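Chemist: With the sequences and hints as input, model every part of the structure.
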Amino acid sequence: MGVKTKYDGKLRIYDGTGTPYYLEVDLDIGDFSGPIGQPRQEEILILNRGRMDSEAHYIKGPDDALLMPVPISFSVYLRDDNQTIYLLDMLKAGQDGGTTTVNSNTMATTKQDSQRDGSNNNPAFADANKLTYDVLYLIETGASDLGLRYYECFFPLDQNMINEAEDGNPLLLNALCYGTITRITSFPAGTSVEA
Amino acid sequence: MILTGKDGVLRIYDSALVIHGAAPLDSLTLDVVRYDGAAWSNITTNVEADDANVESNFIADDGDIIYIGSTEKFAMVQYLKGNGADYAVGSGAMIGKYFNGTDFSEALSGINDGTSTGGNCFGQDGNVSFQIPRDWATGANAWNANLDSDKYYISLKSSTSPSTDPDADVLAPVDSQYFEVKFISMDFDGPIGRPTQNETLVLNRARMDAAAHYIKGPDDVIYTPLPISFTCLIDDTYNHDNVFLALECGNVNYGTWNATGTSTKGDTQNDGSNDNPAFTDANKKTVNVQVLWTGDSPLGFAYYECYFPGPDSTITEANEGNTLAARAGVYGVIERIYGFGNRYT
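Quick mapping for you: the protein sequence lines, in order, are chains A and B.
If you're matching positions, the first sequence starts at 25 in the working numbering and goes up one per residue.
If you're matching positions, the second sequence starts at 184 in the working numbering and goes up one per residue.
What the hints contain is simulated information worked out from the structure, not anything from laboratory work.
Note that the structure is a prediction, hence the values are computed from the model and not measured.
One thing to keep in mind: the hints can contain errors.
Stated by the list, open to error - Taking beta-carbon pairs under 8 Å as the criterion, some of the chain A residues facing chain B (in silico):
#: 1; residue: Leu181
#: 2; residue: Met185
#: 3; residue: Thr215
Where is the CB? At the ideal position from N, CA and C, for every residue including glycine.
Modeler: Right under this line is the structure:
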């Protein structure tokens with residue numbers, strides 16, 4: 025037993041191909057940050073003439089709160105190797121509709137792959153050039169692994185920053201998760217884009 | 184290997200077109216070689232300047248190949264008929280390849296053929312631009328002895344035998360004037376891409392159902408200037424007034440920048456089809472900023488149409504050095520690069 029640290033974490037990005045392509049990010053800095061669940065509708069309190077009584081109740085707020093994207097973030101070091109190029113290609117493909125290939129593999133979106141309301145697929149983006157990916161974060165415990173899957177994550181390139189420094193150039197990746205957030209115990213099957 | 188600030192180089196470019204080998208890029212050497220399907224000939228002296236020397240009929244059929252090389256990587260080739268007689272007719276699309284360390288089997292990516300008219304390459308004066316390849320290599324002399332060992336080569340050919348063969352006064356690598364910032368603090372900060380339009384959610388009576396959808400927001404978002412920044416020390420030689428002149432696209436008059444800079448505003452297309460608009464204030468000039476980290480395989484980013492507003496860039500005095508903190512808004516395209524070179528003018 026012991027507290028799990030960043031040294032136990034692994035992070036993969038999956039696309040929406042039938043047998044999905046994924047990129048396992050080897051040199052992430054270990055600063056993943058994200059919520060453990062999706063937002064829910066607001067609870068709006070209804071009171072009789074502003075006073076609490078036995079008739080007081082809540083009504084459910086609009087569903088746009090249910091579909092509100094939530095931020096996730098992590099950082100990786102820029103390197104002079106293929107994995108950095110594949111990661112940058114994946115991010116670029118996310119804004120050019122998959123025109124940019126990743127090691128000759130065409131990326132497919134994961135948008136509409138989950139249901140925030142539990143019954144309807146989340147809507148597609150109006151801009152077909154935007155692709156989402158699923159980001160999976162897994163903590164290896166040595167026994168039963170634990171992690172989270174963030175469906176339908178869009179990486180806006182203007183919010184993904186390079187911060188040059190003497191001891192390494194980290195790329196700060198920020199994504200918006202439009203899909204559901206579920207707990208996982210292992211990474212799903214797929215094909216590594218590095219293969 | 185992790186790329187660090189110690190591996191980095193930052194350049195500021197204007198939009199002027201300068202042929203490799205000509206001032207102020209006269210430290211570079213170019214080489215242009217023609218293969219006519221049977222024999223090789225070096226045509227450099229005929230196509231390296233807009234002068235009386237002309238290479239006639241440099242492509243006579245679709246088996247002819249022009250090899251264009253320089254001692255430094257480049258992202259653009261200029262074609263001028265100049266004193267020649269003919270542009271190409273019926274030449275078809277251009278085919279561009281590069282030397283990858285082994286041969287010329289790999290195609291150039293992102294070719295934009297400005298010489299094309301009616302689908303025929305070398306049909307008019309213009310620039311051929313492309314993405315600098317990641318595995319572009321020197322050493323092409325090992326592939327063919329008519330090429331030099333110290334140059335980066337591309338090859339260009341027509342896909343169809345032209346009915347009228349083109350002549351060339353200039354067919355050479357070009358780049359822009361640039362200033363390389365010294366004593367930089369290894370703290371460049373910038374995004375890796377431009378924003379896209381917002382996705383606005385439309386719900387029926389605020390409830391999620393199968394009809395829910397997004398609509399695309401206004402285009403002004405994709406033209407929003409994005410912040411970049413770096414700092415450097417001011418000294419009495421390298422980063423004297425020349426760094427300030429480079430930021431404002433003036434006449435740096437130092438090294439590889441020897442004339443009043445040409446603004447880069449309007450050189451790129453954020454929407455992919457329309458040139459970005461000019462500033463209403465013609466006194467505002469933009470430059471391009473390129474930062475490259477040179478490990479085993481160089482990697483960097485190019486920021487086009489950067490405007491450095493005077494009030495946003497500051498000088499901070501200190502015992503150990505006076506620091507210029509330069510801050511710009513990027514109005515143009517942001518691209519990944521594998522070598523220095525202006526791709527848009």
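Chemist: Please flag the earlier hints that this structure goes against, numbers listed from lowest up.
Modeler: 3
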